[in-house]
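K.L.:
Take a look at the letters that make up each chain.
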Amino acid sequence: DTEVTQTPKHLVMGMTNKKSLKCEQHMGHRAMYWYKQKAKKPPELMFVYSYEKLSINESVPSRFSPECPNSSLLNLHLHALQPEDSALYLCASSQSLHSNQPQHFGDGTRLSIL
Amino acid sequence: AQTVTQSQPEMSVQEAETVTLSCTYDTSESDYYLFWYKQPPSRQMILVIRQEAYKQQNATENRFSVNFQKAAKSFSLKISDSQLGDAAMYFCAYRSALETGNQFYFGTGTSLTVIP
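So the protein sequences, as listed, match chains A and B.
Here the first sequence stands for residues 1 to 114, numbered as in our numbering.
Here the second sequence stands for residues 1 to 116, numbered as in our numbering.
The shape of chain B in the complex, shown without the other chains:
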């Protein structure tokens, strides 16, 4: 099984500032997908951003961007211009392109607090 590590259980950021959440993973595969999900207190898991391993270009979605370093097996999430609504638990997830069944391997999560 793959392992996904989020080494920051908790992070905080001042409103309007930038914060980076780290994620590393362990795999011997060359083709896979990486995701960041956000889970606010409302409980719903919301897809933030997705990266295909075969793409060198880092994914970007508005204020959210990733720094994907394939050789280092690192997939960090950068949130720019942080807003109060960004406060949530953030999960990094790995999915093999080879396995059937769409198994997600989740990290343990990072709880982000946004300070007004």
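Chain A extracted, bound-state conformation:
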């Protein structure tokens, strides 16, 4: 069982829809991350939150909007996505931003844009 829970597991949406991806962890971790992963490629970092504050935005288009309402929850709000945004979206968490802390990943949300 994963300690980082992502919902939904699958999502199909049209380009005009608004939807949200949710990530939750109860390990007391204070750093949380969103990654995008295309098939047979490594994950690409999108956003990093530390103590509920946005720490890194890797030049992600504004149609992706992250939100960290508390230390256990991380959301990714989606609006007006493009077909090329279809991918696996992974959430991860770590105790802190310290480099030696491993990241714990969720199972991901498989997103398909019609």
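Wrong hints could be hidden among the right ones.
[Unchecked claim] Partial list, derived from the structure: chain A residues whose beta carbon lies under 7 Å from chain B:
| # | residue |
| --- | --- |
| 1 | P42 |
| 2 | C68 |
| 3 | S99 |
| 4 | D107 |
| 5 | G108 |
Hints in this document: simulated from the structure, not taken from any laboratory.
Think of the CB as a built atom: it goes at the ideal place given N, C-alpha and C, for glycine as much as any other residue.
With chain A's structure known, arrange chain B on it following the hints.
P.N.:
Relative to the frame of chain A, chain B by itself:
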């Protein structure tokens, strides 16, 4: 930015045999961390093993061990007594000890098949 290279897109191993996955990286830093992650078809990225650059001793976790050659900037993963459950995509990752934000630099991955 650092670069991490995994030169073997695909590998296969007979069950119970040993296989080594290669990883090289490019950095001018002296302090950093290296990781191997496994991603089975279930999609979750699972930490396999971690190595601190300042430690000369190679990390070991049960059937998994690394051969860390700092001067050569090489970080290979050895899987002994391979099991069917080891079949997965394996990613090597580098993280600087100096940067904030915990940025991982991933290699392109090696797809491992275990043959019964």
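K.L.:
None of the hints should be skipped; say for each whether it holds.
P.N.:
So, going through the hints one by one against the coordinates:
1. P42: A/P42 check passes; min Cβ-Cβ to chain B is 3 Å, inside 7 Å.
2. C68: Constraint on A/C68 not satisfied, violated at 15 Å.
3. S99: holds, 5 Å
4. D107: holds, 5 Å
5. G108: holds, 5 Å
Hint check: a violation occurs at hint 2 only; the rest are consistent with the structure.
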